[in-house]
Every structure is written in structure tokens, then in C-alpha cells.
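Asks: Take these sequences, add in the hints, and give me the full structure.
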Amino acid sequence: MIGYTTLGTNDLPRAAAFYDELFAVIGVKRMMDFGRGYAWGTGMDKPGFGVMLPFDGQPATVGNGVMVALVVDSQDKVKAVHAKALALGGKDEGAPGPRGEGFYAAYFRDLDGNKLNAFVVG
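Sequential numbering from 1 applies to the sequence shown in full-length UniProt numbering.
There's no promise every hint is true.
[What the hints assert, rightly or not] Pairs of lysine-lysine residues, derived as PhoX-like cross-links and limited to a Cα-Cα distance of at most 20 Å, are as follows:
(1) LYS29 - LYS46
(2) LYS77 - LYS29
(3) LYS91 - LYS77
(4) LYS115 - LYS79
(5) LYS84 - LYS29
(6) LYS79 - LYS46
(7) LYS91 - LYS115
(8) LYS46 - LYS84
(9) LYS91 - LYS79
[Said to hold, decoys possible] Ranges between beta-carbon positions, derived for each pair:
(10) ALA83 - PHE103: 12 to 22 Å
(11) ASP56 - PRO98: 16 to 26 Å
(12) GLY89 - MET1: 38 to 48 Å
I should point out that these hints are in silico values taken from the structure, not numbers from a laboratory.
We put the CB at the ideal spot given by N, CA and C, even for glycine.
Replies: The following block contains the structure:
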């Protein structure tokens, strides 16, 4: 159902560097350059992720209650994504661990304050 998600940034080079390194942990590469933003993914027929300077020219802001969830295939990758996000300057929003039966996740904020998580089911 999800085609792609996009988060705003106020510093595109900084955000691009953050996501290039973060997504390398799970084998995801930058696929598109829009001039005012970039997109990452594993294929054009798969869900993607983008960061952009806002189209209206106003500053990007963080949405209260908004979160992007990144599915991975192991608890080790949940831990690795979370650790990489923090090493790159992200903020911890919940250490890796079980969050109910069969759901393992870790939460963090990127350099612009956007909330993300990495999770695995099973």
C-alpha cells in the first residue's frame, strides 16, 4: 500500500549524508536526485524513502505523531540501524527491544528531528 514516504529537511547535504550511511547498513542505496531532494530504495517497484527541501520554500518542521517505520529482517539489523543513527548524530527515542509479542523495534530521530524506527516481526 505504501509507495514512498518523504520527510522534510532544512539541510539537504547533511540529511543526504545521514541517510546514505544509515541505509547502507541494510543494503539500501540512493536511487533518485530531484535537485531539491533525494530518494532511496531497493527498486522502482518497491516502497521508497525520500528527503526534500519543502516545495513551498518554508522551513521543514517535524510532525507531532508522525513516524516512518523501516522494516528489516533481523533483530541484529534493528540494533545496527539504531546504533548507526546514533553514531551519525541522531537522537535515541527507544533502545532496541521487544515491543509486544513478535515485534522487535528501536526508535530514533534524524538530524532534522524526524522520528523513525527500525523493526522486525517474528
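Asks: It remains to establish, for every hint, whether it holds in the given structure.
Replies: Now the hints, each set against the structure:
1. LYS29 - LYS46: holds (13 Å)
2. LYS77 - LYS29: holds (16 Å)
3. LYS91 - LYS77: Holds - the C-alpha atoms of LYS77 and LYS91 are around 18 Å apart, at most 20 Å.
4. LYS115 - LYS79: It holds: about 16 Å lies between the C-alpha atoms, which stays within 20 Å.
5. LYS84 - LYS29: With Cα atoms ~15 Å apart, LYS84 and LYS29 stay inside 20 Å; holds.
6. LYS79 - LYS46: Cα-Cα ~23 Å, so violated.
7. LYS91 - LYS115: holds (9 Å)
8. LYS46 - LYS84: Violated: LYS46 and LYS84 sit about 23 Å apart, past 20 Å.
9. LYS91 - LYS79: Answer holds: LYS91 to LYS79 is near 14 Å, not above 20 Å.
10. ALA83 - PHE103: 12 to 22 Å: holds (19 Å)
11. ASP56 - PRO98: 16 to 26 Å: Given a distance of about 41 Å, which is not inside 16 to 26 Å, the answer is violated.
12. GLY89 - MET1: 38 to 48 Å: violated (32 Å)
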